[in-house]
Amino acid sequence: MPTKNSRQKKSSKSHQINNVDKIHLNRGLAQMLKGGVIMDVVTPQQAILAEKAGACAVMALERVPSDIRADGGVARMSHVKLVESICKSVSIPVMAKARIGHFVEAQILESIGVDYIDESEVLSPADNDFHIIKNDFSTPFVCGAKNLGEACRRIEEGASMIRTKGEAGTGDIIEAVRHMRTINREIDSLSRINSNKLKETAKEMRVSIELLKEIQKIKKLPVVNFAAGGVATPADAALMMQLGAEGVFVGSGIFKSSKNKTDQLLMAKSIVLAVTNYDNPKILQEASRKTMGSMRGNSVMSLNEKEKFANRGK
Amino acid sequence: MKKKLNKKIIIGVLALQGSFTEHVTALKKLKIETLLIKEAQHIDSVDGLIIPGGESTAILKLMNENKITHILKKYILNGLPVWGTCAGAILLAKKVTGLNKATLGVIDIEIIRNAYGRQNDSFKESVRIPKIQENQFPGIFIRSPKIIKIAKDIAIFGKIRNKEIVGVEHGNILATTFHPELSNNLRIHQYFIDKIKS
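So the protein sequences, as listed, match chains Z and Y. Counting from 38, one number per residue, gives the positions in the first sequence under this note's numbering. Counting from 768, one number per residue, gives the positions in the second sequence under this note's numbering.
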């Protein structure tokens, strides 16, 4: 049995600040992003457009998920120069993706100074067994989850924010809905079980009983939970918010909605508006009216299990 | 303004983006009724307003989109008690370095966005707030702005490291560059409530 992450080095910065404070500050940044939209961008120009549209953060990556799906090949961390130029182009927080388990990509992203690292199933996983030990970093991480067990495991590894995995790059919302509903249902069912059953559940989920007790008490995850994977319209975004998401990631949904920049900006603005006013059908109608059509997409039903990004990283 | 000492007050929390639920939770602990404000017409029903932390560019954009900016400015100039935390402080400031759009501009200070750097430079620091006899308020600074200039008539509300101004007050307006809504210390929330009631 190999030692868990035997070669992962501790981040040098993580010693300067105590751990409790670090967790507080990193979870706190996610709290500041709530009610907002985080947009995938592949160029500084797109980042500027996203900021102009009212995005609360951008996610820097080399290809949006729908292109990764179409092109195939190995999807890795973005080029350092690209991440750097996106960081320089906007004043809002910049996130960037590292492969699951690829702690060196994460170390590089941390040394660039990105504000958040997404350990993402959208990229090709680098480790079949282990995720990054995120507690060793000072930069906060967001991770995807399909259910409460995955969410809890990621939190115990040090994730400061969770998002549904959904099925990125499809423009099909069904998986994000499934994941959000599953997490909600599992949190809800925690409230009805006794301490013996809680121990069993903790064992099944491979997480600590303390974390489950905390969730049982506060009736939500102890970190912010966003929706991601398949959001393609203002209505999709508002649907996720009504299901309890605290904010929304939009990947291919904006820059694949049209080739025209004005249309892309309209889509971006409309999704921002829809997330804030998610419970107001009149404003949602206006927001939807302004868009010029959404990405064509790719029904999740047409994918086989191997093609699903959500199956990566358990 | 009428005396409200015994009157039940309602505090509005601007709920366009950011940490508005944290402010609501803090106020609920102090038994204060709250109202989430997303549209201009709701401002009329509150006795005070909190502008929460979040992304100032996103909040400003949504304020303009939901046609709140002008109306809110009018209310504040007419004396509505208002408190901005972090992004909220940016939106209240007259001059913002690094933001080329008009804010509410109701308090004569100059502020720089993300002045301390990126997330890895976020920090905790004790804030000295003489007005509430607090020497060690747990200041949480997340990608915080920095107040670099204040007009003569603006009162200093809080300082860190004996020099940096992190809170200012002027009449009905209070601005802090940190996040009391993320700490368990409710004393600034209580101070704001008392301010509304007096």
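Keep in mind that the hints were calculated from the coordinates and are not lab data. Hints should not be assumed to be uniformly reliable.
Some residues of chain Y that are not near chain Z, with every Cβ distance over 10 angstroms (derived) [said to hold, decoys possible]: (1) E800; (2) A807; (3) K861; (4) A869; (5) D875; (6) R880; (7) K898; (8) Q900; (9) K916; (10) K926; (11) I932; (12) L949; (13) N952.
Within a straight-line C-alpha distance of at most 27 angstroms, the following computed DSSO-like cross-link-like pairs (lysine-lysine) qualify [what the hints assert, rightly or not]: (14) Y:K834 x Y:K798; (15) Z:K254 x Y:K798; (16) Z:K89 x Y:K868.
Keep in mind it's a predicted model, so treat the numbers as computed, not measured. Cβ coordinates follow ideal geometry from the N, Cα and C atoms, glycine included.
Do the hints match the structure? See the list:
{"no.": "1", "hint": "E800", "verdict": "20 angstroms, holds"}
{"no.": "2", "hint": "A807", "verdict": "13 angstroms, holds"}
{"no.": "3", "hint": "K861", "verdict": "19 angstroms, holds"}
{"no.": "4", "hint": "A869", "verdict": "16 angstroms, holds"}
{"no.": "5", "hint": "D875", "verdict": "23 angstroms, holds"}
{"no.": "6", "hint": "R880", "verdict": "6 angstroms, violated"}
{"no.": "7", "hint": "K898", "verdict": "25 angstroms, holds"}
{"no.": "8", "hint": "Q900", "verdict": "25 angstroms, holds"}
{"no.": "9", "hint": "K916", "verdict": "20 angstroms, holds"}
{"no.": "10", "hint": "K926", "verdict": "20 angstroms, holds"}
{"no.": "11", "hint": "I932", "verdict": "21 angstroms, holds"}
{"no.": "12", "hint": "L949", "verdict": "5 angstroms, violated"}
{"no.": "13", "hint": "N952", "verdict": "13 angstroms, holds"}
{"no.": "14", "hint": "Y:K834 x Y:K798", "verdict": "30 angstroms, violated"}
{"no.": "15", "hint": "Z:K254 x Y:K798", "verdict": "21 angstroms, holds"}
{"no.": "16", "hint": "Z:K89 x Y:K868", "verdict": "11 angstroms, holds"}
Going through the hint list in order, the structure does not satisfy hints 6, 12 and 14.
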